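> Given the sequences, and given the hints that come with them, work out the whole structure.
Order-wise, the sequence lines are chains A and B.
For the first sequence, my numbering assigns the number 229 to the last residue and increments by one with no breaks.
For the second sequence, my numbering assigns the number 174 to the last residue and increments by one with no breaks.
Please keep in mind that the hints were generated in silico from the structure rather than gathered at the bench.
None of the values given here were measured: they were computed from a predicted structure.
Note that the Cβ used here is the ideal one computed from N, Cα and C, for glycine as well.
The reader is advised that the hints may include incorrect statements.
Label-pair distances were calculated between CB atoms; the ranges are [as the list claims (entries may be wrong)]:
| hint | chain 1 | residue 1 | chain 2 | residue 2 | range |
| --- | --- | --- | --- | --- | --- |
| 1 | B | 38 | A | 133 | 13 to 21 Å |
| 2 | B | 105 | A | 90 | 38 to 46 Å |
| 3 | A | 113 | B | 143 | 21 to 29 Å |
| 4 | B | 38 | A | 191 | 25 to 33 Å |
| 5 | B | 9 | A | 97 | 20 to 28 Å |
| 6 | B | 155 | A | 97 | 42 to 50 Å |
| 7 | B | 164 | A | 133 | 41 to 49 Å |
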Amino acid sequence: MIFNTGGWAVRIIRTLFFIFLFLLVSLNIFSFPPVSSGGISIWPGKLTITMPDGYTDEEIQYEIEVSNNNAYDINVTGEIENPSLHHLKENYTFIPDLSWVQITSDIVHIPTNESRFLEVIINIPDSQKSLHYNERWEVWIAVSELIDQSTDAETFIQTELVVKFFIITPYAEKSQIPQFLYFIVIFLIGITTVYILYIKKRSRGISINKNSVFYLKNGKGVNKSNRRK
Amino acid sequence: MEIKKTLMIGLILVMLMIASFSPVTINVLAATTDTITIEFDPEGNISIDVSPGTYNFSTFWSNTSESTSGTYFTMWNNGTVDNMQTDIQITASPASLTIDEDSVPIADDNYALYLIGGTASGVNAWVRESTTIQLDSDLDRTGTETFGFTLYLSNITANHTWQSMTITLTGSQA
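Below you can see the structure in the form of C-alpha cells.
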C-alpha cells in the first residue's frame, strides 16, 4: 500500500525540494551583497611619528605596503596631499610645505595577488627646524590604481586609498652645546677634586710634621730644661 | 719627585677614564643616535573596491539629463578596519566643458553631475571639481554602499566632441 501511494508522496517531496531550492537561491541573490575581491589594499591606514630627542639629523623613511587584490597586474601611484578641512584631525594643522614629504617611486608595478612597497621620505630642511617646535601636522599619502583611460566618452570610477601621516615635532630645541664640552667639564671637575684632596692631604701632612717638630722641640726643650735643671 | 710625577700622571689617566665612563658623557654621546617613534595599528589594513569601474552615458543631447540607477555602483569595504570614510570628487577631461555646477538650470557649455546615494548613505548632492562630497563617514568592514549619478547637460553654443569624467572615491580610516 505504501508503495502504491508513493507516487503523490514523491511528487510532494519533489515540489518541496524545488521550493526549498528556489528560496535558497533567492536568499543568496537578494539577501547577501555580492562579494568583491578586487581593488587594492594598503597597510597601515594611519601612523604617528614623534621625535622625542629632537629633530633627527637624517631623513625619516617609512614603507607603505600596497597589495593588488585584482586578478590582473596593475600600476599604482602615490601622491602627497593635504587633507580637506573637514577631515583634518583636531589639534592638527597642514604641514607648512608638502615638499617635505616625498615618495621615492612615481609608479609601482604590482603583479596580481602580490604586494609592493612605496617608500615615503620625510625631510624637514635644517633652516626650518628651529621655526617649528611643538607642532602637529597631518599629511595624506593617497595611493591609487592607474586606470586605462584610453576609451573616450566614458565615466571612470577610480578608487584612492589614503595613509594618514601624523607628524609631531619635538617639544624644544636640542642642546647646542658641543658634546665634547661635557667630557671636558667632567674631566676638569675630577682633576679639581683630586687636586683639592691632594692639597688637603699635603697640608695635613705638614701640620703633623709641625706637631712632630713641636714635639721634638718640646722634647728637646724638656731635655734642655732638664739639662738646665 | 719622580714618584709624585708618576702619581699625578696616574691620577690624570684615572680621571680621564672616570670622565669617559660617567653616565652623563655616555648619555650625551649616545644622544647622537636620533630617536623617532612610529605608532600604527598593526591590524589596520584598508581597502575599498567599486564595481562596475566605468559607465558610458553615450550620445548626449543638450538641455537633457540622464541617470544611472541609484544602486548602479557598489562600493565595498574589504579592509580590516571599521569606520571608513569615503569622499567623491570628479575631474573632467578634456576640460572643454566645465563641470562645476551645483544647481539647475546650468550655464551654457557646462554640465553637472548629481550624486544619488543608496539607502545606506542617503546622500544626494552635486559633485563638483572644486569640492569633495562625503559619500559615507562610517563604512564598517565587509559593509557595502551603493550609489549612482544623474548627468545634466546645458545648452551648447559650440561644437564639442567627446568628454570623459573620472570620479575618484577616496577611502581613509576615520
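> For a quick check of understanding: which of the numbered hints are violated here, in increasing order?
The structure breaks hints 4 and 5; every other hint is satisfied.
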